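Asker: Sequence:
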Amino acid sequence: MKKKIFIAAAILPFFAGCCSEFEIVNDDVPSAVSSAFQTKYPSAQGTEWEVESEDGHMIYEAGFKVDGKRMEAEFKPDGTFIKQE
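In terms of my numbering, the sequence shown is residues -7 to 77.
I should point out that these hints are in silico values taken from the structure, not numbers from a laboratory. Be careful, since some hints might not be right.
Stated by the list, open to error - Restricting the straight-line Cα-Cα distance to at most 27 Å, the calculated cross-link-like pairs of lysine-lysine (BS3-like) are: (1) 75 <-> 57; (2) 75 <-> 32; (3) 68 <-> 32; (4) 32 <-> 57; (5) 75 <-> 61; (6) 68 <-> 57; (7) 61 <-> 32.
On a predicted model such as this, the values are computed, not experimentally measured, just so you know.
When you get a sec, could you build the whole thing from the sequences and use the hints?
Answerer: Structure below.
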């Protein structure tokens, strides 16, 4: 898992010039983020993940549905919840 975080951190600056976010697969989401997401949204369905750079920091954003309502939530790489939209 640390290798995946390192790879994401290493390539993120290259994407910063052309775009601020890119999609990733569930397997590339750090376990701390995945665990925090599952705890906060146990009934989430159809989850899709993106990684974006905000002020030089990596942010993991989940797009998902709960009870048919589309939602988004952001987490720091250590699993700390940031916000829900």
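Asker: Tell me, which hint numbers fail for this structure?
Answerer: none
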